Amino acid sequence: MLQIEKLGHYYADHTALEDVNLEVAEGELVSIVGPSGCGKSTLLRCIAGLIRPSQGRITLNGREITDVPDNLAVVFQDYSRSLLPWLTVRDNVALPLRRRGRSKSERQAAALGALQAVGLADAAHKYPWQLSGGMQQRVSIARALAYQPALLLMDEPFGSVDAQTREDLEDLVLRVRKDGMTILLVTHDIDESVYVGDRVIVLDRAPGRVAADLAVGLPSARDQISTRELPEFVHMRAEVGRLVRGQAPPGAVL
Amino acid sequence: MTTHNPRSRHLSRTGRWLRGIAGLAILVAASEVLGRAGIVDKTYLPPASTILSRAIGLAADPDFMANVLATIKAWALGLAIAVGAGVLLGLLLGGLPVVGTAVRGVLEFLRPIPSVALIPLVSLLLGTGLATETTLIVYAAIWPVLFNTIYGLQDVDPVAKETLRTFGFGKVAIMWRVSLPAAAPFIATGVRLAAAVALILAVGTEILSGFGSGLGIFIGQAEQGLDGARDVLAGTVWAGALGLVINTVLVQCERRLFRWHAAQSGGRS
Chain A
48 MLQIEKLGHY YADHTALEDV NLEVAEGELV SIVGPSGCGK STLLRCIAGL IRPSQGRITL
108 NGREITDVPD NLAVVFQDYS RSLLPWLTVR DNVALPLRRR GRSKSERQAA ALGALQAVGL
168 ADAAHKYPWQ LSGGMQQRVS IARALAYQPA LLLMDEPFGS VDAQTREDLE DLVLRVRKDG
228 MTILLVTHDI DESVYVGDRV IVLDRAPGRV AADLAVGLPS ARDQISTREL PEFVHMRAEV
288 GRLVRGQAPP GAVL
Chain B
13 MTTHNPRSRH LSRTGRWLRG IAGLAILVAA SEVLGRAGIV DKTYLPPAST ILSRAIGLAA
73 DPDFMANVLA TIKAWALGLA IAVGAGVLLG LLLGGLPVVG TAVRGVLEFL RPIPSVALIP
133 LVSLLLGTGL ATETTLIVYA AIWPVLFNTI YGLQDVDPVA KETLRTFGFG KVAIMWRVSL
193 PAAAPFIATG VRLAAAVALI LAVGTEILSG FGSGLGIFIG QAEQGLDGAR DVLAGTVWAG
253 ALGLVINTVL VQCERRLFRW HAAQSGGRS
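From first to last, the protein sequence lines are chains A and B. Taking this note's numbering, the leading residue of the first sequence gets 48, the next gets one more, and so forth. Taking this note's numbering, the leading residue of the second sequence gets 13, the next gets one more, and so forth.
No lab work stands behind these hints, which were simulated from the structure alone. Careful, some of the hints might be misleading.
[Unchecked claim] Below, computed lysine-lysine pairings styled on DSS-like, alpha-carbon distance capped at 25 Å:
(1) B:173 <-> A:173
(2) B:173 <-> B:183
(3) B:173 <-> A:151
(4) A:151 <-> A:173
(5) B:183 <-> A:151
Computed from a predicted model, the values in this text were never measured in an experiment.
With the sequences and hints as input, model every part of the structure.
Here's what the structure looks like:
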């Protein structure tokens with residue numbers, strides 16, 4: 048459903064992406080991993096239509112992306128800035144559904160359903176800033192789910208929460224993944240990219256290009272303890288780790 | 013937004029109130045002593061009790077109350093126009109950077125002109141009625157609203173705007189659903205400042221123009237009457253009380269409406 052051809056993007060002083068080619072099929076969950084500064088976020092922002100790439104083209108279901116495409120949702124790392132503090136949790140989740148032309152009661156019902164799916168139905172009438180960081184990110188995930196986008200982009204979605212919450216949120220994404228929803232998840236966490244993904248794309252450090260495209264051969268039912276001890280998982284995380292670290296200069300902070 | 017310094021935070025709400033009242037009581041007592049002891053000539057500064065009882069007595073005077081009402085009307089009308097125009101203009105200038113830069117120079121030239129200095133000019137052009145008073149109030153009160161709107165819009169979180177953009181919201185929708193609510197606490201502060209300025213201009217224009225009705229007319233004319241100082245000061249007490257009530261009401265409204273803002277700026281620092 049998503050084709051990226053010869054994508055390149057240059058900022059004034061450096062090349063963020065160069066000759067990136069990638070194809071994503073409908074319903075896939077693709078992890079994009081790479082060292083910091085490899086252009087992961089730039090790639091995601093190009094796909095979201097937030098920036099126009101300097102070179103190449105991106106097509107979504109056969110149509111070239113020139114502006115923000117329909118049927119798209121993005122979960123940002125900065126949940127506290129992405130949620131609107133003057134709206135309740137439920138109204139935050141319901142807001143994008145205005146774009147779907149639904150009535151108020153339909154929007155509210157869909158919002159409540161999505162909040163139930165992420166286990167936050169009780170917090171519907173609270174305000175985002177009354178919740179913990181992990182809960183706030185669950186709200187933004189609920190907001191994206193309620194919108195039922197064809198393509199869900201996640202930019203370091205679990206980068207600002209503690210390790211335990213991070214694992215919970217990873218499982219949440221695997222659980223609520225609807226059939227047919229295509230997900231692209233950008234992360235710098237090697238384990239996470241393998242644990243969550245059907246496929247792992249490794250990006251080189253600047254200029255960012257695809258260094259490897261690996262299929263994850265893990266069973267679709269995963270859990271934090273047993274999946275992580277499977278030989279296939281251990282092998283994959285080592286392979287991805289070598290690829291990511293191999294590109295980084297010695298001593299670089301990943 | 014109200015900021016508390018660390019010292020006053022230790023005082024309870026009642027503690028702060030008590031201190032405020034104590035300060036006022038000392039002032040009243042001092043003026044009372046100065047007046048009664050004859051240190052200050054009573055015709056210039058009557059004792060506080062005389063002024064206050066006169067001020068309270070005026071509440072029963074229908075002519076005086078009509079004056080107060082006239083001032084409040086002009087104040088409210090002028091402020092309403094200033095807020096409407098200030099916010100609209102601010103959205104335009106803040107939302108369209110090209111227009112903003114173009115108009116900025118003109119605004120920076122107009123802003124420092126003290127609006128009181130315009131009273132003779134506007135009176136000359138529009139006469140000495142409500143039109144003059146309202147025009148001057150609008151001119152003076154629009155600045156804090158306009159500039160706070162522009163600054164508020166500059167402070168809107170780009171992530172929030174981008175989030176709505178990715179959900180397919182257009183520019184106008186983002187302005188309405190993100191930028192305006194996010195800037196609202198700043199705008200409200202501007203409105204509160206504008207309300208105080210508007211009252212100054214309302215009373216000031218009335219005093220200087222000297223015609224029609226209003227609290228300023230009362231103060232201006234009392235000067236010439238018997239017991240001039242007492243009535244002038246009683247009128248001034250009314251003006252001060254009006255300002256205090258307006259400010260208190262607006263501060264309370266801000267607290268109620270923008271709980272999210274206080275919570276967020278508290279959490280971020």
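- Quickly compare the C-alpha distance for residue 173 (chain B) and residue 183 (chain B) to 25 Å and report which way the hint goes. holds (9 Å)
- Restraint check for residue 173 (chain B) with residue 151 (chain A), where alpha carbons must lie at most 25 Å apart: holds (22 Å)
- Keeping to a limit of 25 Å between CA atoms, is the pair of residue 151 (chain A) and residue 173 (chain A) held or broken? Holds - the C-alpha atoms of residue 173 (chain A) and residue 151 (chain A) are around 19 Å apart, at most 25 Å.
- Query: Do the alpha carbons of residue 183 (chain B) and residue 151 (chain A) lie within 25 Å of each other, as the hint requires?
  - Reply: Holds, at about 22 Å.
- Message: Checking one constraint from the list: CA of residue 173 (chain B) to CA of residue 173 (chain A), max 25 Å. Satisfied?
- Response: holds (22 Å)
The structure agrees with every numbered hint stated previously.
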